[in-house]
Amino acid sequence: MKLYTYGIIDSSSQINKPIYGLEGAGVYNIPYCDIGAVVSEFTEPRQSKTESSVLAHEEVIERLMEHFTVLPVRFHTIFNGRDGVISMMQSYYKDFRNNIDRLRNKVEFGIKVIWPSGKIKEHIINTCDKKVSIPDDSSNKRFIREKFEKYRIDEEFEKKANKYINVMDIFFSKYAAEKKLKKLKTENLLLDAVYLVEKDKQNDFRQAFEHIKSGRPDFKYLFSGPWPSYNFVILSKKNDLLKDSEQKDLFNKVIQLQDLVGADKI
Amino acid sequence: MTLNSMIETDFPEEFVEEMGKSQNVLPKRIDANPKNVEKGLAKLVLTLIELIRKLLEKQAMRRVEAGSLSDEQIENVGETLMKLESKMEELKQIFGLKDEELNLNLGPLGDLM
Amino acid sequence: MHNVAIKSKDVTLLEILDRVLEKGVVISGDAVISVADVDLIYLGLKVLLSSVETMEKLRGSPFISPMQEAN
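Protein chains in written order, with the working numbering: chain A, 4 to 269; chain B, 3 to 115; chain C, 1459 to 1529.
Since the hints were derived computationally from the structure, they do not count as laboratory data.
Please read these numbers as outputs of a predicted model, since none were measured by experiment.
Every residue, glycine too, gets a C-beta built ideally from N, C-alpha and C.
Incorrect hints may have been included.
[Claimed, not checked] Not the full set, but computed from the structure, chain B residues with beta-carbon under 10 Å of chain A:
| id | residue |
| --- | --- |
| 1 | T11 |
| 2 | F13 |
| 3 | P14 |
| 4 | E16 |
| 5 | E19 |
| 6 | S24 |
| 7 | L57 |
| 8 | E59 |
| 9 | A62 |
| 10 | D73 |
| 11 | E77 |
| 12 | L83 |
| 13 | M84 |
| 14 | D101 |
[Unchecked claim] Computed list of chain C residues with no C-beta within reach of chain B, every gap over 10 Å:
| id | residue |
| --- | --- |
| 15 | T1470 |
| 16 | K1481 |
| 17 | V1484 |
| 18 | A1489 |
| 19 | V1490 |
My request is simple: use the sequences and hints to build the entire structure.
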């Protein structure tokens, strides 16, 4: 009996309200000690990795979030049977327990900010009165000079980015227990951040966002949430299947490269 | 869609575009199709070489900024960097790869650097 | 092929896909018979859920840039 797994919850009780997941199957809780794995029976049809099944998965997790602390499980995690699920919980118990305690009563918010990088760079070029003291009496030196000018602009650009991000982060962090920031993922995407916020501080967090937004109306903002803590689950067990396979991929690529270039050992 | 999560933005397409640009260049799975193996490998190798080249360039810029290079050294560094850059262009052309394709998104590691 | 054109409200789907496919707990073990091997690929303003079957179909499509080709 294949079991599609949605998440781990901090309860060993049955789920009272009817929740339906993939293939319209009813969702139920498999308990272990004081936690449980929420699953539904799954026949694994050929076309199961679809947009609608992703949405069905997410909806189950959001319904669960209303009543439990949920550790969301990666899409399309399927077990061979009830025993498999239970032994999994046995080996991950400590990790799950720690995460549940840490994440209880907290939700995740996502904030993305786009800034007008072109205008920012223009401003930097216009206000930068630096005298570049590099002689340009040869093509090699001119090359360096150009590179250096570009380098100075890029440095200023990054400095400005950090300045804006810090201002925003200070406001958001007041109400956040944890955070993860990605700065300048692209030139335009100034910030891609997720914040872990206590449920009773949600409104304050939202206010902080509105405040920041009004402070720089020339920037573009995306606010998402509340989500279950997708980005804040930490597993200490080195059982991350995907990471293992990524490493294997890279390793295999190196082997292939060895063959391709005829090298004995890289 | 009856999801409780809100996603709010006045500029959905801009965000989709930026998220698209920032996607990882290195593929997650092995592509066993022989036609693509070579290209995938070339991309991997050139991405790493490009990374090293950029680091070297940055290091040179820092020294120029600090004023610790003599006239002659600036000349030599300029010549070397120019040659490296044109070599990379050549390689990129040979494998039909564009700049954006070699942008190694280091993710969290990028913050460490 | 599961192809989602980005209309103005579909950035929602993107945010969901990013979390459900890329984040969350990854469990491995003997009893696990499947974990998502679904890539989220951005194709201009279109978002695709790609499994191996999808990539087979996409090869040769005029809309795929060499970057996706190498995937």
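Verification of the supplied hints:
1. For the restraint placing T11(B) at the interface with chain A, the shortest Cβ-Cβ distance is roughly 4 Å, inside the 10 Å limit, so the hint holds.
2. Using the Cβ-Cβ criterion of 10 Å, the hint placing F13(B) at the interface with chain A is satisfied: the shortest such distance is roughly 4 Å.
3. Taking 10 Å as the C-beta contact cut-off toward chain A, the hint placing P14(B) at the interface holds, the least distance being around 8 Å.
4. At a threshold of 10 Å, the smallest CB-CB gap from E16(B) to chain A is about 6 Å, leaving the interface hint in force.
5. Against a cut-off of 10 Å between C-beta atoms, the interface hint on E19(B) holds, since the closest Cβ of chain A lies about 8 Å away.
6. Look at S24(B): its Cβ gets to within about 4 Å of chain A, closer than 10 Å, so that hint holds up.
7. Proximity of L57(B) to chain A is violated relative to the hint, the smallest CB-CB distance being about 13 Å (cut-off 10 Å).
8. The criterion of a C-beta within 10 Å of any C-beta in chain A is met by E59(B), whose closest approach is roughly 7 Å, and the hint holds.
9. At its closest, the beta carbon of A62(B) sits 8 Å from a beta carbon of chain A; the interface hint therefore holds under the 10 Å criterion.
10. For D73(B), the shortest C-beta to C-beta distance to chain A is roughly 7 Å, which falls under 10 Å, so the interface hint holds.
11. Against a cut-off of 10 Å between C-beta atoms, the interface hint on E77(B) holds, since the closest Cβ of chain A lies about 5 Å away.
12. Hint status for L83(B): holds, given a least beta-carbon distance of 7 Å to chain A, under 10 Å.
13. At a threshold of 10 Å, the smallest CB-CB gap from M84(B) to chain A is about 5 Å, leaving the interface hint in force.
14. For the restraint placing D101(B) at the interface with chain A, the shortest Cβ-Cβ distance is roughly 13 Å, beyond the 10 Å limit, so the hint is violated.
15. Distance to chain B contradicts T1470(C) as a non-interface residue, since its nearest Cβ pair spans about 4 Å, not more than 10 Å.
16. With a closest Cβ-Cβ approach of about 13 Å to chain B, K1481(C) is found to remain outside the 10 Å limit, as its non-interface label requires.
17. No Cβ of chain B approaches the Cβ of V1484(C) within 10 Å, the least distance being about 13 Å, so the stated non-interface status holds.
18. Every CB of chain B is more than 10 Å from the CB of A1489(C) (nearest about 23 Å), matching its label as outside the interface.
19. Non-interface status of V1490(C) relative to chain B is upheld: no Cβ of that chain comes within 10 Å, the nearest being about 18 Å off.
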